[in-house]
Amino acid sequence: GEDVEQSLFLSVREGDSSVINCTYTDSSSTYLYWYKQEPGAGLQLLTYIFSNMDMKQDQRLTVLLNKKDKHLSLRIADTQTGDSAIYFCAERAGGYQKVTFGTGTKLQVIP
Amino acid sequence: AAGVIQSPRHLIKEKRETATLKCYPIPRHDTVYWYQQGPGQDPQFLISFYEKMQSDKGSIPDRFSAQQFSDYHSELNMSSLELGDSALYFCASSRTNSYSGTGVSTEAFFGQGTRLTVV
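Protein sequences, first through last, are from chains D and A. Going left to right, the first sequence walks through residues 1 to 111 as the working numbering numbers them. Going left to right, the second sequence walks through residues 1001 to 1119 as the working numbering numbers them.
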């Protein structure tokens, strides 16, 4: 199967950390992505991680991967109001395989 | 750096009309993917092409067709448009490196999308 699941909504206060979680079922996933989508806008690739890694840090973003549990998380440190958006987790087996998206998590940042 | 280019950015069509969406992948990318994102939905995979051949097919209606040309750009043709076809259509591209035999490929990059409104 290729299901990717996320919680639908997350609300945090400005300055706090946000953690968005994702679970997937496809054990052949090679690439795991986090995309950000602002209202009416396109998909912005935030970061990605290979399945042979368990952590990747990029400035305020930290991605954790638990391959055994097929669980991926995105932590945003010092969350800002500009981080308010929908965050999609996605996976891809590699080669010319398609990207499969999760349901998206709407992050609301309260000033 | 060059990104995935989609045209047009916005398109308004009437029911039963035909629309053609275009996608220009990142240079040297050989694989393109089409996605449809309805209001409040996650992007749904429609179809993909690798080296000008269809490589995968998702939930693409029979009224839609697509192809990838020799210059690797792709077009999504949509006929007999329905109100429910109103959505954001994304194209993505990636490079599948088969020369080394490792099947290593780069991440998929998405274009800004074409917003189709059917009235």
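No lab work stands behind these hints: they were computed from the structure. Don't be surprised by glycine CBs; every beta carbon is placed ideally from N, CA and C. Treat the hints with care, since some could be wrong.
[To be verified] Stretch by stretch, here's where chain A covers chain D in the computed footprint (C-beta under 8 Å, at least three residues):
1. 50 to 60
2. 67 to 74
[Claimed, not checked] With a cut-off of at most 30 Å between alpha-carbon atoms, the simulated BS3-like pairs for lysine-lysine come out as follows:
3. Lys106/D x Lys67/D
4. Lys1057/A x Lys67/D
5. Lys1013/A x Lys56/D
6. Lys36/D x Lys70/D
7. Lys36/D x Lys67/D
8. Lys1022/A x Lys67/D
9. Lys36/D x Lys106/D
10. Lys1022/A x Lys36/D
11. Lys1052/A x Lys106/D
12. Lys70/D x Lys1057/A
13. Lys56/D x Lys70/D
Evaluation of the provided hints:
no. : hint                 : verdict
1   : 50 to 60             : violated (count 0)
2   : 67 to 74             : violated (count 0)
3   : Lys106/D x Lys67/D   : 24 Å, holds
4   : Lys1057/A x Lys67/D  : 27 Å, holds
5   : Lys1013/A x Lys56/D  : 44 Å, violated
6   : Lys36/D x Lys70/D    : 21 Å, holds
7   : Lys36/D x Lys67/D    : 22 Å, holds
8   : Lys1022/A x Lys67/D  : 37 Å, violated
9   : Lys36/D x Lys106/D   : 10 Å, holds
10  : Lys1022/A x Lys36/D  : 23 Å, holds
11  : Lys1052/A x Lys106/D : 36 Å, violated
12  : Lys70/D x Lys1057/A  : 25 Å, holds
13  : Lys56/D x Lys70/D    : 16 Å, holds
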